[in-house]
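Peer 1: Starting from the structure of chain A, add chain B where the hints point.
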Amino acid sequence: MNRNPTTTITIPCLFFSGRFKKGAPNPDPDAKIGYCAAKKRAFVGYRATIIIGGERMPIIDYHLTPANRHDAGAFVPLLLSMEEHDTLPRVGAFYGDNAYFTADNRAWLEFFEKNCKLHSKEETGKAPKNRRSAKKKSRVRSKVESTFGIMEKNYNFGQTRLRGIDNVKIDTSLKFSAWNHFFLLSYFTNRLEDCISLRRLFYEN
Amino acid sequence: MIYQEYLPFESLLQQVEKKEIKLPFPLEYTIEQIERIKKKIPKSYDNIARILALSRPVVELVLFKMDYHEPERPPNSKGRPSISTTTLILVHLLSQTMISDSYRQTERNLNAHPIWLKALDLKQAPNHTTMSKFRKRMGIEFFDTYFHELTELLFEFGLIKKDDNVIIDSAPIEASQNFARSNSGIQINEEKLNEFFNAIDFTPAVKLIAPACNHGRKRTYSDETILKFIAFEKLCGFLSRSQALTHLKKHPGAAKIVGFSTGIIPSTSTISNYLKRIPPIPWLMRVMVDPITEFFESQPDYDDHDPLSFFFRSF
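In order, the protein sequence lines correspond to chains A and B. Remember, our numbering sits 71 above the position in the first sequence when you count from 1. Remember, our numbering sits 11 above the position in the second sequence when you count from 1.
In isolation and in its complexed conformation, chain A is listed as follows:
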């Protein structure tokens, strides 16, 4: 199996980051420049990749990288993390955009005997070749965008006040834990229909 070594093997490495830079060091030495294709702008920070359930949208797993890493690189660590936490055998097909549709990622999905429903390059763009399958996949996939949107409104997701990748990882982990926690609480209070709307859960009876 041809693993992407830079993303899957994490041996601690010593680097004296920013030692030869003149002037004040960057406030957050781990934050890097990335490009957000949806917003069509560059930003400095991190990229959070999440896996959500297709039906009720709980967050199943997450991975945080500096923003200068490609989306595709987060796929294998996420699969391995899901395997480690024994969630991978319990989930079905994988949906995602064409950034994840790489030969390596597909090989890993095949290795774990998972159905690959990632958007292929033929199914992308204004005039996709396989219009029907593209539409079908888009309909399932659109849920994740609303998850991010709701998280931005309800959980201050998309920005961080902490510095350093370890602190940002804790912050992100807490945000996703809060999402799942209030999801579970909505079940215990018999209000599962409000599982993703924190505002309704908090302010409406």
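Keep in mind the hints are simulated off the structure, nothing from the lab. Be careful, since some hints might not be right.
What follows is a set of in silico ranges between Cβ atoms, one per label pair, in the way DEER data are often shown [unchecked claim]:
| id | chain 1 | residue 1 | chain 2 | residue 2 | range |
| --- | --- | --- | --- | --- | --- |
| 1 | B | Glu-201 | A | Glu-223 | 17 to 27 angstroms |
| 2 | B | Glu-21 | A | Arg-270 | 17 to 27 angstroms |
| 3 | A | Arg-203 | B | Glu-201 | 58 to 68 angstroms |
| 4 | A | Gly-220 | B | Arg-115 | 22 to 32 angstroms |
| 5 | A | Arg-270 | B | Lys-54 | 20 to 30 angstroms |
| 6 | B | His-139 | A | Lys-93 | 27 to 37 angstroms |
| 7 | A | Glu-223 | B | Ile-151 | 22 to 32 angstroms |
Here chain B is said to cover these stretches of chain A; the calculated rule only asks that three of the stretch's residues, wherever they fall, bring their Cβ under 8 angstroms from a Cβ of chain B [said to hold, decoys possible]:
| id | region |
| --- | --- |
| 8 | 115 to 121 |
| 9 | 125 to 133 |
| 10 | 247 to 254 |
With a straight-line cut-off of 25 angstroms between C-alpha atoms, the simulated BS3-like cross-links for lysine-lysine are [what the hints assert, rightly or not]:
| id | chain 1 | residue 1 | chain 2 | residue 2 |
| --- | --- | --- | --- | --- |
| 11 | A | Lys-93 | B | Lys-203 |
| 12 | B | Lys-203 | A | Lys-207 |
| 13 | A | Lys-93 | B | Lys-261 |
| 14 | A | Lys-207 | B | Lys-172 |
| 15 | B | Lys-203 | A | Lys-92 |
These numbers were taken from a predicted model, which means no experiment stands behind them. Ideal Cβ placement from N, Cα and C applies to all residues, glycine included.
Peer 2: Then chain B, alone, in the frame of chain A:
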């Protein structure tokens, strides 16, 4: 493991009472606790206070599953009793919501709502430094395990269906730093850079790379140059690889120090292609850790307490 298919909570309770469903001990105990708390909740509680009160058994269940034990108070301790881990986790979860942007605001908000404090079993909101210290003390592994154990509960209560389709996507998180300022041209101390590359021998790391086969196109750049470039990128704190390459294009002196003596600077994709063909950088650089540490420790401006001095990272 999924103990049951999805059932509305009331139906689940009824079936557990009738013993039609057998839940494992911690889950059954938790739902009993939740029901007990529901009956005891005062009418003065608002929605948030009610949710906070009901959250306690859930957090306790997750901590139980994590096999976490509250640290014992020393017998002769004279200080104020500490706030329990469960309460601090609840405060952290609340601080992640739209109710507050920061720990300070969480503290103010909690103190402004005595009902929330009562639901949290507190007389006074924890100080923002207490929250910050708690986060640092627990560390990333604790919160990561907490998240995964909580997700496991969703499976156990049937809230994630078996063989449910999953969706993957990513979103940006903006760092707490000014984009324009951090993206402005970086000035490099070329003297020190030169001193570093003269003092450090990269041969031990290069020896770990298998020699290239003679087939195909001849390589333009040596493995040593590529490793030196990676070290340069990290040591100078560039925000991206292309920023480092652009700097080298504009500063031939620096390019010469790094090893691009011909003045031809590779593109980002060339570097990526080289990196794909060699073992992982952290694995290669582990033999370089001691000489690099020695070099920086011997520097006159070395500061033992500078957090940037020792910078252990997975690459």
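Peer 1: Next, verify each hint and record whether it holds.
Peer 2: Hint by hint, here is what the structure shows:
1. Glu-201/B <-> Glu-223/A: 17 to 27 angstroms: 43 angstroms, violated
2. Glu-21/B <-> Arg-270/A: 17 to 27 angstroms: Between Glu-21/B and Arg-270/A, where Cβ atoms are some 24 angstroms apart, the hint holds.
3. Arg-203/A <-> Glu-201/B: 58 to 68 angstroms: This hint holds: roughly 59 angstroms between Cβ atoms.
4. Gly-220/A <-> Arg-115/B: 22 to 32 angstroms: 27 angstroms, holds
5. Arg-270/A <-> Lys-54/B: 20 to 30 angstroms: Holds, at about 23 angstroms.
6. His-139/B <-> Lys-93/A: 27 to 37 angstroms: 34 angstroms, holds
7. Glu-223/A <-> Ile-151/B: 22 to 32 angstroms: Given about 23 angstroms between the Cβ atoms, the range holds.
8. 115 to 121: holds (count 7)
9. 125 to 133: Contact hint for the region 125 to 133 of chain A vs chain B: holds, 8 residues under 8 angstroms.
10. 247 to 254: Holds, because 7 residues of the region 247 to 254 of chain A bring their Cβ atoms closer than 8 angstroms to Cβ atoms of chain B.
11. Lys-93/A <-> Lys-203/B: 11 angstroms, holds
12. Lys-203/B <-> Lys-207/A: 57 angstroms, violated
13. Lys-93/A <-> Lys-261/B: 17 angstroms, holds
14. Lys-207/A <-> Lys-172/B: 20 angstroms, holds
15. Lys-203/B <-> Lys-92/A: It holds: about 10 angstroms lies between the C-alpha atoms, which stays within 25 angstroms.
Consistency note: the structure conflicts with the earlier hints numbered 1, 12.
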